[in-house]
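**Q** Chain by chain, the residues:
Number of protein chains: 4
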Amino acid sequence: MAQNSSRPVGRHFLQIPGPTTVPDRVQRAISAPIIDHRGPEFAKLAKKCLDGIKTIFKTTNPVIIYTATGTGAWESALTNTLSPGDKVLMLETGQFATLWKKMAERIGLVPEFISTDWRHGADPSLIEKRLREDKNKEIKAVCVLHNETSTGALTPIADIRKAIDAASHPALLMVDTISSLASADYRHDEWGVDVSVGGAQKGLMLPPGMSFNAVSDKALAANKTSKLPKSFFAWDDMLNMNKVGFFPYTPATQMLQGLVVGIEMLHEEGLENVFARHARLGEATRRAVAAWGLENLNKNADQYSPTITAVMLPEGHDADKFRALALETFNISYGASFGAYAGKYFRIGHLADINDGTLVGALGITEMALQLAGVPIKKGGVQAAVDYLTTAHGGGAKKAAAE
Amino acid sequence: MAQNSSRPVGRHFLQIPGPTTVPDRVQRAISAPIIDHRGPEFAKLAKKCLDGIKTIFKTTNPVIIYTATGTGAWESALTNTLSPGDKVLMLETGQFATLWKKMAERIGLVPEFISTDWRHGADPSLIEKRLREDKNKEIKAVCVLHNETSTGALTPIADIRKAIDAASHPALLMVDTISSLASADYRHDEWGVDVSVGGAQKGLMLPPGMSFNAVSDKALAANKTSKLPKSFFAWDDMLNMNKVGFFPYTPATQMLQGLVVGIEMLHEEGLENVFARHARLGEATRRAVAAWGLENLNKNADQYSPTITAVMLPEGHDADKFRALALETFNISYGASFGAYAGKYFRIGHLADINDGTLVGALGITEMALQLAGVPIKKGGVQAAVDYLTTAHGGGAKKAAAE
Amino acid sequence: MAQNSSRPVGRHFLQIPGPTTVPDRVQRAISAPIIDHRGPEFAKLAKKCLDGIKTIFKTTNPVIIYTATGTGAWESALTNTLSPGDKVLMLETGQFATLWKKMAERIGLVPEFISTDWRHGADPSLIEKRLREDKNKEIKAVCVLHNETSTGALTPIADIRKAIDAASHPALLMVDTISSLASADYRHDEWGVDVSVGGAQKGLMLPPGMSFNAVSDKALAANKTSKLPKSFFAWDDMLNMNKVGFFPYTPATQMLQGLVVGIEMLHEEGLENVFARHARLGEATRRAVAAWGLENLNKNADQYSPTITAVMLPEGHDADKFRALALETFNISYGASFGAYAGKYFRIGHLADINDGTLVGALGITEMALQLAGVPIKKGGVQAAVDYLTTAHGGGAKKAAAE
Amino acid sequence: MAQNSSRPVGRHFLQIPGPTTVPDRVQRAISAPIIDHRGPEFAKLAKKCLDGIKTIFKTTNPVIIYTATGTGAWESALTNTLSPGDKVLMLETGQFATLWKKMAERIGLVPEFISTDWRHGADPSLIEKRLREDKNKEIKAVCVLHNETSTGALTPIADIRKAIDAASHPALLMVDTISSLASADYRHDEWGVDVSVGGAQKGLMLPPGMSFNAVSDKALAANKTSKLPKSFFAWDDMLNMNKVGFFPYTPATQMLQGLVVGIEMLHEEGLENVFARHARLGEATRRAVAAWGLENLNKNADQYSPTITAVMLPEGHDADKFRALALETFNISYGASFGAYAGKYFRIGHLADINDGTLVGALGITEMALQLAGVPIKKGGVQAAVDYLTTAHGGGAKKAAAE
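Listed in order, the protein sequences are those of chains A, B, C and D. Residue numbering for the first sequence follows UniProt numbering, beginning at 1 and increasing consecutively. Residue numbering for the second sequence follows UniProt numbering, beginning at 1 and increasing consecutively. Residue numbering for the third sequence follows UniProt numbering, beginning at 1 and increasing consecutively. Residue numbering for the fourth sequence follows UniProt numbering, beginning at 1 and increasing consecutively.
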């Protein structure tokens with residue numbers, strides 16, 4: 001294989017579920033010369049970012065912008081609203097839900113973890129049930145992932161809100177939308193989310209190094225009485241300084257330069273078109289997987305993620321070895337597997353600045369790599385994806401009409 | 001289609017047969033700060049370029065580097081070796097051969113044009129025949145394209161050399177290798193080429209703006225008596241200044257910065273691997289075209305180009321409209337059609353910094369776009385390409401062995 | 001002035017004391033395509049960074065790399081080693097010392113603040129005196145800034161160490177070297193620092209968005225019993241994952257790409273040369289200030305910062321208006337003033353990727369802008385700087401020798 | 001000197017008279033992904049360039065854009081308008097005039113060279129005298145450099161026009177404005193120039209690799225009867241294709257991307273402001289030179305170039321050695337010297353994207369380097385420049401008014 005290896009040639013297929021490929025236009029914005037972060041040009045830049053990011057979270061409240069990755073924004077959501085010993089209800093949708101729960105424990109909260117088999121998304125009825133039982137309202141927050149990055153399951157946040165309301169429970173609703181924001185529809189205000197946690201390195205098409213908290217009035221009120229210590233992540237200093245266009249300490253100016261362009265590109269395409277594109281590419285991916293005769297880790301068809309598909313390999317096939325072979329031979333990266341399923345599946349990220357052609361290319365080399373790895377698949381996955389996409393673009397309809 | 005158009009999203013599929021996609025690594029080299037083109041750092045840079053480019057043409061003689069595109073290097077090949085009224089024998093392989101012939105006429109040469117139907121590459125025996133008839137040795141040069149960019153036909157230059165030698169004719173052999181250099185095997189010295197014409201914006205992976213003349217001793221001797229006027233393109237001044245690491249006038253320094261990296265990348269992959277990759281991607285493309293039930297413009301299977309495939313559309317289908325639809329819907333550019341076949345075919349470029357995944361993506365959206373355009377094709381082209389590529393990477397063999 | 005304004009033309013003179021100008025070479029590294037942060041290429045990149053950054057702090061212990069700015073690394077220094085209610089001894093060298101003290105309060109520590117007039121650096125004898133008084137060893141840490149960014153005062157850390165040792169006190173020594181690291185000599189191990197806090201956006205020549213904790217064994221031991229909550233900034237997870245070349249959560253990959261090159265450039269110049277250059281440029285700046293007849297905010301000549309000079313304006317002259325005029329007319333940014341001296345001084349940053357020519361240019365336009373602003377100065381500052389620099393480069397000596 | 005060498009640190013001072021520093025904004029435009037040079041996006045780009053460049057030459061006629069450096073545009077001016085054996089009147093203003101004259105000879109023209117001492121610009125009266133003598137109108141063209149790059153002399157083109165008209169001579173007027181275009185006022189139409197020759201790598205702030213011919217109707221008429229062979233540089237094909245937004249062969253697309261931004265930046269500043277800035281920086285440079293007690297190569301104060309100052313060194317001092325020392329010690333490049341004065345002077349370029357601060361920095365290190373090189377100068381050059389610039393910005397006036 002060595003003599004015709006294509007590994008270091010051409011574009012890398014970065015099919016991890018983020019950080020995603022940075023578009024050239026964003027990259028050029030990030031490469032702008034450094035400016036004074038206390039000068040008038042910066043104030044304009046900050047305002048554009050602070051205003052623009054609200055349109056992405058669909059909120060009229062402020063969004064706090066951190067120089068940190070998503071894990072930092074998880075922490076800030078908790079420390080800015082809760083106090084030591086507070087109970088939080090969390091759902092074990094997968095690896096990232098588990099990590100958030102460990103963080104809660106570590107900083108002095110008492111998480112209650114509704115466990116799942118990682119093969120189904122969150123079940124709102126379990127939340128409603130648990131909250132109804134919580135007569136003393138000891139649970140201070142419900143924390144869920146909109147899109148569980150480790151399994152490719154999308155939880156219906158509106159239903160979670162309904163569940164909390166049905167139980168007439170005052171708990172805050174905190175949602176991690178890191179791997180769905182700007183790829184799947186997300187409505188911070190309409191869905192009654194109290195703290196939304198987002199990151200720059202997925203649908204927003206930036207490199208990693210920036211994360212967000214969108215907040216509700218209720219969350220802001222909770223902030224005033226919250227006793228967990230916080231300083232770098234403190235909302236109050238941020239909100240005060242942001243009002244005049246600055247930050248309490250040096251922000252990542254170049255990331256802000258890129259954020260303006262990322263948001264601009266999303267609105268040029270139109271958020272609805274962005275979501276439709278991700279839905280289409282997600283379905284195309286699942287068609288390919290089905291055609292190969294492979295199983296989706298996520299068994300719940302109602303909760304398929306539009307950004308990530310987790311593909312199970314048959315017993316006896318090592319997903320990590322498969323990923324290494326694919327990287328070596330075809331210059332493609334996939335997401336890894338976790339927990340009880342470590343080594344048993346790989347994840348195809350199909351999000352951010354990706355179009356039909358790039359996805360088809362990724363699926364094509366995946367089909368090739370699976371065969372080279374000796375995984376027993378049926379051929380035809382890439383063709384199934386192309387056939388579906390043709391129809392999705394009106395081709396099938398047209399043809400049918402012509403017949 | 002508007003509501004889910006993917007046109008401006010993601011990477012553009014630049015499937016024109018050059019200028020090709022510039023790899024990030026080359027792009028970063030080109031973005032280096034401007035240096036003094038008469039300073040010591042420049043001298044080192046120039047030496048790297050002048051030495052390196054010889055390894056690409058496979059010559060030990062000097063290669064002249066022009067700040068001009070390929071058309072300029074065509075002109076320099078002619079004006080540096082010939083005199084007004086000289087006869088040159090040219091072969092009508094397609095549009096670019098025709099343009100070179102028009103140039104020859106324009107600058108005062110007398111081209112004799114062996115015409116073809118554009119659907120077969122050059123026939124060495126016709127050259128031998130014509131040269132044998134030229135008893136007075138009036139023909140001063142034979143000019144052919146190694147790879148006719150407009151039709152996707154690759155002419156066997158070694159056979160042209162044999163034809164000239166068989167006729168014992170002293171004519172110079174001039175070869176345009178613009179769209180094959182650094183993609184298909186090319187051997188300036190071994191094949192006895194007198195002037196090879198190349199460009200930067202194809203296999204060398206640079207933007208347009210640089211072109212080359214590789215020369216033989218015989219060409220250098222012809223230069224001394226050649227009477228066509230030349231100054232910007234004059235070899236003598238160039239060769240003199242190049243000896244000490246400089247150019248007679250301001251060169252395109254940034255292109256030279258990029259050239260170093262382009263050559264470096266080619267050698268890192270290994271020229272043999274580069275050629276094998278292009279051969280593989282060319283065959284995959286032709287398999288897709290055949291599976292669609294479409295015709296290759298080039299009818300001569302022995303002369304298929306490894307860098308370009310020209311695809312005929314059925315009668316009544318406008319290739320330019322198809323290209324516009326594909327660009328609008330799928331963000332892909334193809335090469336146009338020319339001459340008698342204008343509007344009847346489109347060209348898929350599969351050269352330079354391209355890997356299996358990018359080609360499969362391009363073929364996938366081509367299959368989709370053909371259907372959207374109402375071109376009556378059979379589905380299965382992208383699958384045929386993927387199946388072939390799997391085998392080419394050892395997948396089929398492996399599997400067969402296992403069965 | 002409008003008709004010949006040069007404001008938006010040419011290079012911006014970014015004379016704030018950081019973020020500093022990013023060299024093109026670092027910028028190009030940062031612009032590399034995103035890679036999988038869990039893949040083999042990343043592991044190599046991480047190792048280079050984790051090894052390289054040790055050479056900058058001059059430590060053989062691990063250095064923790066955060067995706068956060070310096071304020072985050074302040075917090076991590078405190079939360080990873082201390083427990084709620086712990087006493088910390090801090091020195092009011094200026095604005096940034098004050099901010100660090102406020103942070104300590106905010107997260108539940110009990111800072112004791114040795115106040116100063118902001119016009120002298122830290123006095124080690126005051127620390128020794130206070131520690132001797134602390135018979136019960138209630139003070140758990142001494143926190144000082146190596147270089148107080150708001151005033152341009154450099155504290156001798158080796159003397160602080162001596163003071164602690166003289167008092168035979170077990171307090172941890174924590175040092176902020178954000179605006180001195182990689183510009184002034186700094187020796188984490190030799191000086192017995194327990195936690196050093198650094199940032200990427202100053203001497204390391206990166207954009208803002210990365211910060212560091214260098215740690216001693218004693219600090220690592222303190223970490224095991226420390227009770228302040230931490231998660232994003234927790235050392236233990238970081239150190240565990242770093243051992244195998246990864247991070248516990250998505251790091252800022254592009255910043256790591258830049259860090260490799262920043263460290264490489266520092267070693268190519270040689271750290272001793274880097275420090276000598278900053279010392280030279282600092283002295284040249286002070287010569288200009290003196291020639292103008294203006295006062296240095298810092299009255300202690302033994303503690304002049306090599307990276308920042310704070311220049312007092314005469315009574316009645318508003319430093320912020322002066323800065324605005326200079327920005328508008330000459331495309332230069334200076335650092336602002338703080339606290340009791342707000343509006344009374346401006347800061348000239350002379351650090352990171354800056355050479356003699358750029359400093360002379362900055363001083364020249366400063367002399368011009370001061371005059372345009374009506375500040376009563378003596379001319380000749382830029383000449384004094386040039387004369388000094390000539391001598392520093394051996395010119396004066398040579399000339400003297402020749403005379 | 002080694003231990004404090006600043007050579008590779010910080011921004012290079014590129015004080016050669018072009019190629020000039022490419023502004024970041026232009027650089028980012030040039031780094032845009034390659035587009036199809038026959039597609040709709042390209043047509044828009046080409047139109048912007050073809051329209052925009054007219055505003056720079058101040059012409060309503062077409063401007064031809066070449067993928068070649070200035071030397072190519074010299075050749076195209078001659079070959080597109082003249083015929084073998086035609087007489088052309090040229091003026092020996094310096095090295096570049098001499099090279100153009102050699103080119104004329106080489107391509108079959110008969111140049112008549114009015115010689116000068118290189119220390120005075122062109123004298124229009126000599127041209128008038130010679131043309132009056134040419135009773136048979138054998139002289140077909142008068143060729144002059146607006147700005148002789150090798151000596152820093154600016155010729156008044158309007159006066160040359162008057163001289164030709166006074167002699168009632170039909171010769172074409174051809175002007176090289178390579179090192180003055182977009183830096184000094186230039187008026188192709190108003191001054192009655194027939195062919196203006198420009199380049200991208202000076203006032204237009206692009207890298208080298210693009211050049212221009214602005215043409216008059218008279219030049220276009222001459223083109224129809226001109227018999228010198230041309231093809232790559234032929235106006236007719238260019239003008240035909242340009243009409244529909246394309247080029248007859250692959251153009252340097254990335255240079256066109258940059259050209260749009262270069263022109264945009266010039267108009268944002270305002271051409272009059274651009275010219276005033278160059279005039280101001282030129283005068284500041286000459287003040288420094290005078291203060292050092294050094295001589296300007298150009299003895300004619302009426303013809304000082306606003307973009308280049310050629311500085312004579314005293315007898316016995318080698319300008320090339322001085323330049324090498326300055327490069328090594330201070331990271332600055334100057335222009336070289338030529339002809340009879342080779343080694344006797346160096347040139348300071350002060351053009352394109354340069355502001356007061358950068359010029360002052362360059363003059364400061366020049367003063368330092370002259371001293372290090374042992375050149376006997378008086379100190380105070382940089383101060384003289386700063387004092388002048390202060391006044392030019394209204395500072396002196398203001399102060400005087402206040403006194």
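Hints are supplied without guarantee of correctness; some may be wrong.
Any copy, or any two copies together, can satisfy a pair, since identical chains are not distinguished.
[Stated by the list, open to error] Each computed DSBU-like pair below joins lysine-lysine, with the alpha-carbon atoms no more than 35 Å apart: (1) K218 to K129; (2) K87 to K102; (3) K54 to K224; (4) K54 to K321; (5) K47 to K321; (6) K44 to K321; (7) K44 to K344.
These are calculated hints, taken from the structure and not from any lab test.
**Q** Are the hints correct? Go through all of them and say.
**A** Evaluated hints:
For the identical chains of this complex, K218 and K129 are intra-copy neighbours only, at 23 Å inside a copy versus 49 Å across copies, given an alpha-carbon limit of 35 Å. In this homomeric assembly, K87 and K102 come within 35 Å of each other (Cα to Cα) both inside a single copy, at 13 Å, and across copies, at 29 Å. In the homo-oligomer, the alpha carbons of K54 and K224 lie at most 35 Å apart inside one protomer (22 Å), although the nearest pairing across protomers, at 41 Å, exceeds that limit. When the C-alpha separation of K54 and K321 is checked against a cutoff of 35 Å, the pair qualifies only between copies, where the shortest distance is 34 Å, while the shortest distance within a copy is 42 Å.
Proximity of K47 to K321 under the C-alpha cut-off of 35 Å is restricted to the inter-copy arrangement: shortest distance 23 Å between copies versus 47 Å within a copy. Proximity of K44 and K321 under a CA criterion of 35 Å is satisfied inter-copy only: 19 Å between copies versus 49 Å inside one chain copy. Taking the shortest alpha-carbon separations for K44 and K344, only the inter-copy value of 26 Å comes in at or below 35 Å, while the best intra-copy value is 49 Å.
Comparing the model with each numbered hint stated earlier shows that all of them hold.
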